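Undergrad: Okay, here's what each chain looks like letter by letter:
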Amino acid sequence: MKKLFALLLVMAMFAVACGDDETVVEPVAETPAEDPPADRIVSLSATATEILFAIGAGDLVVAVDSYSNYPDYGPITDLQAFTPNVEAIASYEPDLVVMQTTAVAAELEALGITVIQRDAPADFSGVYAQIEELGRATGFIAQAAELVLEMETEITDLQADLPDADGLTYYHELGTDLYSLTSSTFVGEIYGLFGLTNIADGADPDGALGGYPQLSEEFILGANPDLIFLADTIFAEQNAATIAARPGWGDLTAVQGGAVVELDDDVASRWGPRVVAFAEAIADVLAEVTAAA
Amino acid sequence: MTADAQSAEASADPSRGTRLSFSAVAISVVWIAIAVVLAMTTGPFDLAVVDVGKQLLDGLPFIEIDSGLTTTERAIVTQIRLPRVALGLMVGATLSLSGAAYQGAFRNPLADPYLLGIAAGAGLGATIAITEGLGDGRGAFDAVPLAAFAGGLIAVWFSYAAGHIGGRSPVSLILAGVAVASFLTACQTYVLQANSDVIREVYTWILGRVSTSGWGEPLLLLPYFVVTLLVVLRYGRALDVLAVGDEEAASLGIRPQRVRVIVVIAASLGAAAAVAVTGLIGFVGIIVPHTVRLLFGASNRIVLPLSVLFGAAFMVAADLVARTIMSPAELPIGVVTAFVGAPFFAVVLRASRRYVW
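Listed in order, the protein sequences are those of chains A and B. Following this note's numbering, the numbering of the first sequence begins with 1 at its first residue and continues without gaps. Following this note's numbering, the numbering of the second sequence begins with 1 at its first residue and continues without gaps.
Hint data in this document are derived by calculation from the structure and do not stem from the laboratory. All values reported here derive from a predicted model rather than from experimental measurement. Where is the CB? At the ideal position from N, CA and C, for every residue including glycine. Do not rely on the hints blindly, as some may be mistaken.
Some chain B residues well away from chain A (every beta-carbon gap over 12 Å; in silico) [to be verified]: (1) T18; (2) H164; (3) V227.
Covered by chain B, according to a simulated footprint, are these stretches of chain A (three or more residues, beta-carbon under 8 Å) [claimed, not checked]: (4) 70-83; (5) 133-144; (6) 160-171; (7) 221-228.
Rough simulated footprint, nothing fancy, chain A against chain B, three-plus residues with beta-carbon under 8 Å [stated by the list, open to error]: (8) 35-46; (9) 69-78; (10) 315-329.
Please work from the sequences and hints to get the whole structure.
TA: See below:
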């Protein structure tokens with residue numbers, strides 16, 4: 001039982017660590033409209049950091065957590081995003097803290113700090129809502145609206161030029177332990193825009209694994225996906241060559257057809273402005289694969 | 001300790017003997033055969049037993065048989081299922097044998113291969129390798145298994161050094177192991193807390209997985225498995241004598257301290273290598289030796305070899321469950337060994353009235 005409990009614990013942690021648990025959408029605190037815009041922000045969410053800088057509010061950000069590595073001129077500190085320390089955060093004297101985890105939100109509010117807690121949304125409209133919310137909280141409302149419009153346009157354009165990819169299957173790799181994600185996650189939702197079918201969906205049909213099943217190698221080989229997307233190119237240094245070198249993988253359709261896509265681990269796990277780049281990467285490989293066929 | 005020792009001797013009573021019976025070996029071999037055949041033919045790919053058999057025969061030198069399998073199916077048989085079964089056999093055998101050896105050497109029924117901190121040391125090693133981004137987590141010669149192996153052996157060395165200072169009795173060594181394990185687990189938790197982005201990778205490792213990428217893992221474990229097997233099995237009789245107590249053993253011409261050190265080092269070497277390759281798989285080292293003891297007798301000359309055989313069968317079966325029960329998702333094998341193994345052991349324990357450790 002202890003081990004089973006440990007497993008459940010791991011899954012819970014995994015969901016938090018990955019930050020893509022779309023079930024957590026309830027805000028800890030709404031930002032009341034009458035609040036004056038924040039001018040000292042601590043961001044403990046790599047996605048929020050990207051959004052804040054993209055809407056021009058970067059100058060207000062006084063500290064970001066250790067994973068907020070983009071844009072790379074951000075004020076990175078050793079603040080922890082998932083095991084936050086209230087006093088360490090408070091020492092930056094923020095009036096707004098943006099975070100992914102619900103931990104310590106109540107303590108921060110007790111100190112009079114506004115907290116916006118947001119995890120991965122279920123779909124693109126959720127992404128836009130989070131961008132607009134950060135715009136309101138910082139006073140960069142027009143810039144946020146502009147960013148949303150820009151993203152909407154680019155996504156619409158990508159979809160308009162979409163080759164007929166219906167029926168193509170894909171495998172999205174999160175790590176060499178063969179963890180993947182299903183269509184029910186935000187990242188899975190992006191692939192869904194292009195009509196792709198996820199081979200991992202059958203591994204977690206009821207969402208009991210939070211949308212993040214660990215697949216068996218034999219299953220992946222049996223599913224023989226048309227496309228392979230690697231979201232472990234930085235952390236685990238995987239690439240098309242290492243995939244082809246795995247026993248039994250060399251004959252996969254995706255490997256033979258050159259459809260192994262090396263994604264940026266961060267871009268493929270955040271829901272900020274760079275999801276457009278992620279969507280472009282998908283569109284590009286689809287164009288190549290369908291042109292070849 | 002003397003009372004315990006006497007009861008241990010009593011349970012290894014002459015009526016049950018110290019000789020390995022042919023039927024016990026035959027039963028275990030049948031179990032291994034069943035587990036291996038099921039493991040080789042079960043999976044997302046529906047492969048016929050005959051075709052798998054042909055493919056395996058084709059792999060032998062001087063035999064050419066066309067199994068009629070596709071290239072991918074061939075890879076499934078020879079590069080995925082077979083190395084996985086081979087690894088499962090060796091890991092199960094090694095952990096069970098190490099557990100039995102520890103129990104004999106320490107005259108303690110609760111001893112398992114992780115007693116002297118191997119799990120904690122290996123866990124810390126693996127955690128550091130993962131957080132530092134060393135290696136890519138695939139393959140046997142990756143940084144993660146190597147760091148885990150080193151961590152496990154360093155932990156045993158710490159325990160031994162600390163326990164030796166505290167006195168020469170096995171109890172002080174066990175206590176030292178508890179202290180070392182707690183300390184290293186604390187270190188691991190600290191490292192993990194500061195690197196929460198790798199929690200998934202680390203816990204995947206901790207819960208254990210008999211996954212392979214080709215033949216690297218089984219081949220890496222093979223030499224340690226062989227050494228552990230050859231050394232520990234030689235000491236069956238000596239461990240039986242040890243069961244009557246150190247002083248009595250000494251009077252019978254056995255050097256208790258020497259036997260204990262050799263057996264524990266050999267068992268630790270094997271356990272550390274197994275842990276390095278597959279992560280922490282719990283309960284096997286306790287359940288298998290005790291089940292063997294209950295069913296076939298308590299003499300180490302019986303328990304040690306049968307633990308090897310039944311441990312091998314148990315691990316292959318557990319891995320089969322781990323990779324099929326939630327297919328196509330995989331369940332960590334540590335969950336299976338504990339969830340299936342612990343209740344099974346409880347039933348065996350209850351059914352056996354005369355089990356006296």
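Undergrad: Evaluate each hint against the coordinates.
TA: Okay, the hints, checked on the actual structure:
The Cβ of T18 (chain B) sits about 35 Å from the closest Cβ of chain A, beyond the 12 Å cut-off, so the non-interface label holds. For H164 (chain B), the condition that its CB be more than 12 Å from all CB atoms of chain A holds, with the nearest at approximately 31 Å. Interface exclusion of V227 (chain B) from chain A stands, the closest Cβ pair being 27 Å apart, more than 12 Å. A stretch counts as covered by a chain when three or more of its residues have a beta carbon under 8 Å from one of that chain; for the region 70-83 of chain A and chain B the count is 4, and the coverage holds.
Beta-carbon proximity to chain B at under 8 Å applies to 0 residues in the region 133-144 of chain A; the threshold of 3 is not reached and the given coverage is violated. Here's how the region 160-171 of chain A fares: 0 of its residues keep a CB closer than 8 Å to some CB of chain B, so the rule of at least three is not met and the hint is violated. Proximity of the region 221-228 of chain A to chain B, defined as three or more residues with a beta carbon under 8 Å from a beta carbon of that chain, is established by the 4 residues found. Residues of the region 35-46 of chain B with a Cβ under 8 Å from some Cβ of chain A number 3, which satisfies the need for three, so the listed coverage holds.
Chain A is given as covering the region 69-78 of chain B, and this holds because 4 residues of the stretch bring a CB closer than 8 Å to a CB of that chain, at least three being needed. Three residues within the 8 Å Cβ limit are the bar, and the region 315-329 of chain B against chain A gives 5, so the coverage statement holds.
Of the numbered hints given earlier, the model fails hints 5 and 6; all others are met.
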